[in-house]
Amino acid sequence: AQSVTQLGSHVSVSEGALVLLRCNYSSSVPPYLFWYVQYPNQGLQLLLKYTTGATLVKGINGFEAEFKKSETSFHLTKPSAHMSDAAEYFCAAPTGSARQLTFGSGTQLTVLP
Amino acid sequence: EAQVTQNPRYLITVTGKKLTVTCSQNMNHEYMSWYRQDPGLGLRQIYYSMNVEVTDKGDVPEGYKVSRKEKRNFPLILESPSPNQTSLYFCASSLSTSLNEQYFGPGTRLTVT
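As they're listed, the protein sequences go chains L and P. Heads up: the first sequence begins at 191 in this note's numbering, then just goes up one per residue. Heads up: the second sequence begins at 3 in this note's numbering, then just goes up one per residue.
Wrong hints could be hidden among the right ones.
Quick list of in silico lysine-lysine cross-link-like pairs, BS3-like style, CA-CA up to 30 angstroms [said to hold, decoys possible]:
(1) P:K19 with P:K67
(2) P:K73 with L:K239
(3) L:K239 with P:K59
(4) L:K239 with L:K258
(5) P:K59 with P:K73
(6) P:K19 with P:K73
Just some of the chain P residues that point at chain L, by a computed CB distance under 7 angstroms [unchecked claim]:
(7) G18
(8) G44
(9) L45
(10) Y66
(11) T99
(12) S100
(13) G109
Not everything, but these chain L residues come out facing chain P in the computed CB check (under 8 angstroms) [claimed, not checked]:
(14) L197
(15) S199
(16) V201
(17) G233
(18) Q235
(19) L238
(20) K239
(21) K259
(22) S295
(23) G296
What the hints contain is simulated information worked out from the structure, not anything from laboratory work. Just so you know, these numbers come straight off a predicted model, no measurement behind them. Beta carbons: idealized from backbone N, C-alpha and C, even for Gly.
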C-alpha cells in the first residue's frame, strides 16, 4: 500500500489566490512527513518537514502545512500565490525502518496571471 | 558550497551499452540514494546506502547496480540499458537516515534508444 497519496496531479490558481495541495498518508508511516518542491529543470529541495510537536509547520517561501492525525492528512497551503511558486510539489514519508523515503506522485502547480 | 553533483547531466545511449552515472556529495553525509522520476509516478527509489560498503535495494532496483566504496561517491551503473530505463535520475544524500532532509543533485536525463 502506498505510504502517501497526493490528490490532484495538476492544480491551477490565480496569482494572489490561496494555494492548497493535498496529501494523505497511511497510518503505518512514522510521524515524519515532508514536502519537497521541484522548480523546472532542477532537483528537489525541502519546503518543510513535520516531526513531532506543533502540528502546524512553517516552511520556506510562505508555505505551511498542518499535520492532522484524525484525517491522516498533511496538506500544503499558502495564503497568496506568486508566479514564482509555479513548480511541482511532492509529499514524502519515510518507511517504518527510516531507511527509505516514499514520495507521492506529485502535484504540478500553475499560477495564472 | 554544500552540494550534490551528478554527471553527466544528459545522456543518450543505445540498448545494451554499459553506462555509469556518477554522484558525489561534499557534506560528509552517511546516507545516499538514487531515484528515478517518471511522469505521473513521482520519484521511485532505486538503491540506497546507509554508509560505506552498505547498499540496499529500493523499490525499483532491477537493471541497476550501485557501489559505495567511499563516503562521498555513489555511482549508478546500468550494465545493459534498455529503453524502459529512459528516465530522469536523481541522486540525493542526507545526514544519516531517511528522517533527515535529503539534498538532491540536479538530475541526469537518460535516453536509451
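Here's how the hints hold up against the structure:
About 14 angstroms separates the Cα atoms of P:K19 and P:K67, which keeps this hinted pair within 30 angstroms; it holds. For the hint linking P:K73 to L:K239, the alpha-carbon distance of about 26 angstroms falls within 30 angstroms, and the restraint holds. Taken as a hint, the L:K239 and P:K59 pair is honoured in the structure, with Cα atoms around 25 angstroms apart against an allowance of 30 angstroms. Simply put, L:K239 and L:K258 have alpha-carbon atoms about 14 angstroms apart, close enough for the 30 angstroms limit, and the pair holds.
Distance hint between P:K59 and P:K73 is fulfilled; the C-alpha atoms sit about 18 angstroms from each other, no more than 30 angstroms. For the hint pairing P:K19 with P:K73, the CA-to-CA distance comes to about 27 angstroms; that is within 30 angstroms, so the pair holds. Taking 7 angstroms as the C-beta contact cut-off toward chain L, the hint placing P:G18 at the interface is violated, the least distance being around 29 angstroms. Look at P:G44: its Cβ gets to within about 4 angstroms of chain L, closer than 7 angstroms, so that hint holds up.
Taking 7 angstroms as the C-beta contact cut-off toward chain L, the hint placing P:L45 at the interface holds, the least distance being around 4 angstroms. For P:Y66, the shortest C-beta to C-beta distance to chain L is roughly 15 angstroms, which exceeds 7 angstroms, and the interface hint is violated. Annotation: P:T99 was flagged as interfacial toward chain L, and the flag holds, the nearest CB pair being 4 angstroms apart, inside 7 angstroms. With a least beta-carbon distance of about 4 angstroms to chain L, the hint placing P:S100 at the interface is held under the 7 angstroms criterion.
Contact between P:G109 and chain L, as hinted, is supported at the beta carbon level, the nearest pair being about 6 angstroms apart and thus within 7 angstroms. Nearest Cβ of chain P to the Cβ of L:L197: about 13 angstroms, over the 8 angstroms cut. The hint is violated. Of the supplied interface hints, the one on L:S199 holds, with its beta-carbon coming within about 7 angstroms of a beta-carbon of chain P, less than 8 angstroms. The closest approach between the C-beta of L:V201 and any C-beta of chain P is roughly 15 angstroms, which is over the 8 angstroms cut-off, so the hint fails.
Because the closest C-beta pair between L:G233 and chain P is about 3 angstroms apart, less than 8 angstroms, the hint holds. A least Cβ separation of about 7 angstroms between L:Q235 and chain P falls short of the 8 angstroms threshold, and the interface hint therefore holds. A hinted interface residue such as L:L238 counts as satisfied when its beta carbon comes closer than 8 angstroms to some beta carbon of chain P; here the least separation is about 10 angstroms, so the hint is violated. For L:K239, the suggested interface contact is upheld, since its CB lies about 7 angstroms from the closest CB of chain P, less than 8 angstroms.
Given the 8 angstroms rule on beta carbons, the hint for L:K259 is violated: about 18 angstroms separates it from the nearest Cβ of chain P. Nearest Cβ of chain P to the Cβ of L:S295: about 4 angstroms, under the 8 angstroms cut. The hint holds. Taking 8 angstroms as the C-beta cut-off, the interface hint given for L:G296 holds, the closest approach to chain P being about 5 angstroms.
Consistency with the previously given hints fails for numbers 7, 10, 14, 16, 19 and 21, ordered from lowest to highest.
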